[in-house]
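**Student:** Sequence:
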Amino acid sequence: MQKVYFDSAATTKIRPEVITKMVSVLNEDYGNPSSTHGFGRSAKNHIEQARKNIANYLGVKASEIIFTSGGTEADNLAINSTVRDLGVRHIITSKIEHHAVLHTVQEIESRNAVQISYVNINQDGSIDYEHLKSLLSDSKEKTLVSLMHVNNEVGTILDIEKVGNLCKEHEALFHSDMVQSIGHLDVNLNELHVDFTAASAHKFHGPKGIGFAYIRKNSGLKPLIFGGEQERGYRAGTESVHNIAGMDEALRLTYENLVEEKAYIVDLKQYFVDTLKKDISGVKFNAKCCTPGHSTYTLINVCLPITSDKAGILLFHLDINGIACSKGSACQSGSSKGSHVLTEILNDEDIQKPSIRFSFSKYNTKQEVDYVVDVLKNFITE
Numbered sequence: 001m002q003k004v005y006f007d008s009a010a011t012t013k014i015r016p017e018v019i020t021k022m023v024s025v026l027n028e029d030y031g032n033p034s035s036t037h038g039f040g041r042s043a044k045n046h047i048e049q050a051r052k053n054i055a056n057y058l059g060v061k062a063s064e065i066i067f068t069s070g071g072t073e074a075d076n077l078a079i080n081s082t083v084r085d086l087g088v089r090h091i092i093t094s095k096i097e098h099h100a101v102l103h104t105v106q107e108i109e110s111r112n113a114v115q116i117s118y119v120n121i122n123q124d125g126s127i128d129y130e131h132l133k134s135l136l137s138d139s140k141e142k143t144l145v146s147l148m149h150v151n152n153e154v155g156t157i158l159d160i161e162k163v164g165n166l167c168k169e170h171e172a173l174f175h176s177d178m179v180q181s182i183g184h185l186d187v188n189l190n191e192l193h194v195d196f197t198a199a200s201a202h203k204f205h206g207p208k209g210i211g212f213a214y215i216r217k218n219s220g221l222k223p224l225i226f227g228g229e230q231e232r233g234y235r236a237g238t239e240s241v242h243n244i245a246g247m248d249e250a251l252r253l254t255y256e257n258l259v260e261e262k263a264y265i266v267d268l269k270q271y272f273v274d275t276l277k278k279d280i281s282g283v284k285f286n287a288k289c290c291t292p293g294h295s296t297y298t299l300i301n302v303c304l305p306i307t308s309d310k311a312g313i314l315l316f317h318l319d320i321n322g323i324a325c326s327k328g329s330a331c332q333s334g335s336s337k338g339s340h341v342l343t344e345i346l347n348d349e350d351i352q353k354p355s356i357r358f359s360f361s362k363y364n365t366k367q368e369v370d371y372v373v374d375v376l377k378n379f380i381t382e
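Residues in the sequence shown are numbered from 1 upward in steps of one, following the working numbering.
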């Protein structure tokens, strides 16, 4: 049985060079980075060099990069701390955010006098920018806008420059979950009016359990985790040196090869779309996920013309044929609930049909596409 991995939006395969780097650090630089002896200094050097490198890739200061366990922690750090430390009493977000944001703002709403507003979503997965402007204009409280740069299910790209400018105009803070964009798109945070972001290494061929928050200098945020003075006091606890070094190596290789690898994946995505259209009558693509510039090149979200009696076993059928993909996001794969993103944007007819997210990396091939489409076609017609 052939094995095909089309679930890179959930997590990516680690590059071999990253594994080599991490093993080297584990073997040779095992000192505590807070120790002042040579072993500790060697470990600390990996952390600070990674911080400088990542800051350079994103056009910011090294002091503005804080290492976390991943995107979820970085989102929680920014959102919770703005309410606690900066007096935010109004949060504007959307109903198609990752649950790291949605569940956080819902928890804050349940225990604080914080107003939550949801910006309207268009059927193509984009936000209603006029509605956002109206919400900002009407806000009488200190406001935080939290909108993701690239949607993890349908790939819609936020006009992050436009939102940043609106926030600046209305003196609002701006947080953007950039887990699906950092490592995939060229991002210069210094040119954007963004105050806080989140990134996760396992989305760009790095290790799991490590990521970072960008916190704009002099933001006024205070730590959520107390103890030592690691991470400039924002996050106490001994740093995961090998994971930080691995993330640094992964992001370096990603940006060094971004042009070539992006072109390869763009071509692969178009081939996937064309083959699906040719071989499966009635297939649809959700939220303009095939429109360049509107959606990321790294995924498609496909609505399949499958009867309700077959829909329940579709993912199982793909799995037993060695195909990895997602119904909604991986974070929700264990849930019986449908996709909260698709619920917001699909019509009543299409929401009853199965939608599958296929997401790609440099390791995928057109031969794999042919195999997947053939399995789907046979399943639909048998």
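The hints are simulated quantities; they were obtained by calculation from the structure and are not laboratory data. Just to be clear, a hint being listed does not mean it is correct.
Claimed, not checked - Estimated spans, in silico, between C-beta atoms of each pair: (1) 142 with 24: 22 to 32 angstroms; (2) 40 with 95: 39 to 49 angstroms; (3) 378 with 351: 24 to 34 angstroms; (4) 218 with 261: 29 to 39 angstroms; (5) 20 with 209: 17 to 27 angstroms; (6) 363 with 1: 31 to 41 angstroms; (7) 338 with 120: 38 to 48 angstroms; (8) 24 with 111: 43 to 53 angstroms; (9) 313 with 2: 16 to 26 angstroms; (10) 116 with 224: 28 to 38 angstroms; (11) 338 with 69: 39 to 49 angstroms; (12) 208 with 270: 22 to 32 angstroms; (13) 317 with 351: 32 to 42 angstroms; (14) 170 with 307: 45 to 55 angstroms.
As the list claims (entries may be wrong) - DSBU-like cross-link-like pairs, simulated, lysine-lysine; straight-line CA separation at most 35 angstroms: (15) 377 with 277; (16) 362 with 288; (17) 222 with 133; (18) 222 with 3; (19) 95 with 133; (20) 3 with 217; (21) 310 with 288; (22) 310 with 168; (23) 277 with 52; (24) 377 with 140; (25) 222 with 284; (26) 288 with 277; (27) 52 with 140; (28) 162 with 310; (29) 284 with 377; (30) 142 with 262; (31) 278 with 217; (32) 168 with 217; (33) 208 with 262; (34) 353 with 288; (35) 208 with 140; (36) 277 with 217; (37) 288 with 377; (38) 278 with 142; (39) 162 with 142; (40) 95 with 44.
In this text, a Cβ means the ideal position worked out from N, Cα and C, and glycines have one as well.
**Student:** If a hint holds in the structure, say so; if it does not, say that too.
**Tutor:** Status of each hint after checking the structure:
1. 142 with 24: 22 to 32 angstroms: About 47 angstroms separates the Cβ atoms of residue 142 and residue 24, which means 22 to 32 angstroms is violated.
2. 40 with 95: 39 to 49 angstroms: 47 angstroms, holds
3. 378 with 351: 24 to 34 angstroms: 25 angstroms, holds
4. 218 with 261: 29 to 39 angstroms: Given a distance of about 36 angstroms, which is inside 29 to 39 angstroms, the answer is holds.
5. 20 with 209: 17 to 27 angstroms: Roughly 18 angstroms apart at Cβ, these two residues keep to the hinted range, so it holds.
6. 363 with 1: 31 to 41 angstroms: For residue 363 and residue 1 the Cβ distance comes to about 18 angstroms; the hint is violated.
7. 338 with 120: 38 to 48 angstroms: 20 angstroms, violated
8. 24 with 111: 43 to 53 angstroms: Check passed, 45 angstroms falls within 43 to 53 angstroms.
9. 313 with 2: 16 to 26 angstroms: 20 angstroms, holds
10. 116 with 224: 28 to 38 angstroms: Given a distance of about 20 angstroms, which is not inside 28 to 38 angstroms, the answer is violated.
11. 338 with 69: 39 to 49 angstroms: At roughly 28 angstroms between Cβ atoms, residue 69 and residue 338 fall outside 39 to 49 angstroms, so the hint is violated.
12. 208 with 270: 22 to 32 angstroms: 30 angstroms, holds
13. 317 with 351: 32 to 42 angstroms: Given about 21 angstroms between the Cβ atoms, the range is violated.
14. 170 with 307: 45 to 55 angstroms: Since residue 170 and residue 307 have Cβ atoms about 49 angstroms apart, the given range 45 to 55 angstroms holds.
15. 377 with 277: Holds, because 11 angstroms separates the two Cα atoms, which is no more than 35 angstroms.
16. 362 with 288: At roughly 23 angstroms apart (the allowed maximum being 35 angstroms), residue 288 and residue 362 satisfy the hint.
17. 222 with 133: Holds. Residue 222 to residue 133 sits at ~29 angstroms (cutoff 35 angstroms).
18. 222 with 3: Cα-Cα ~46 angstroms, so violated.
19. 95 with 133: Holds, at about 17 angstroms.
20. 3 with 217: Violated: residue 3 and residue 217 sit about 46 angstroms apart, past 35 angstroms.
21. 310 with 288: Distance ~25 angstroms between residue 310 and residue 288 Cα, so the pair holds.
22. 310 with 168: At roughly 50 angstroms apart (the allowed maximum being 35 angstroms), residue 168 and residue 310 break the hint.
23. 277 with 52: 45 angstroms, violated
24. 377 with 140: 54 angstroms, violated
25. 222 with 284: Measuring from Cα to Cα gives roughly 46 angstroms; hence the hint is violated.
26. 288 with 277: Between residue 288 and residue 277 the Cα gap is close to 14 angstroms, so the pair holds against 35 angstroms.
27. 52 with 140: The given pair, whose Cα atoms are some 38 angstroms apart, is violated under the 35 angstroms limit.
28. 162 with 310: 43 angstroms, violated
29. 284 with 377: Given that 35 angstroms is the threshold and the Cα spacing comes to 14 angstroms, the pair holds.
30. 142 with 262: Not OK: residue 142 and residue 262 at ~39 angstroms, beyond 35 angstroms, violated.
31. 278 with 217: Since the Cα atoms of residue 278 and residue 217 sit roughly 52 angstroms apart, the hinted pair is violated (cutoff 35 angstroms).
32. 168 with 217: 16 angstroms, holds
33. 208 with 262: 22 angstroms, holds
34. 353 with 288: Holds - the C-alpha atoms of residue 288 and residue 353 are around 17 angstroms apart, at most 35 angstroms.
35. 208 with 140: With Cα atoms ~40 angstroms apart, residue 208 and residue 140 exceed 35 angstroms; violated.
36. 277 with 217: 49 angstroms, violated
37. 288 with 377: 22 angstroms, holds
38. 278 with 142: 52 angstroms, violated
39. 162 with 142: 20 angstroms, holds
40. 95 with 44: Cα-Cα ~40 angstroms, so violated.
In this structure, the earlier hints numbered 1, 6, 7, 10, 11, 13, 18, 20, 22, 23, 24, 25, 27, 28, 30, 31, 35, 36, 38 and 40 are contradicted, and the remaining ones agree with it.
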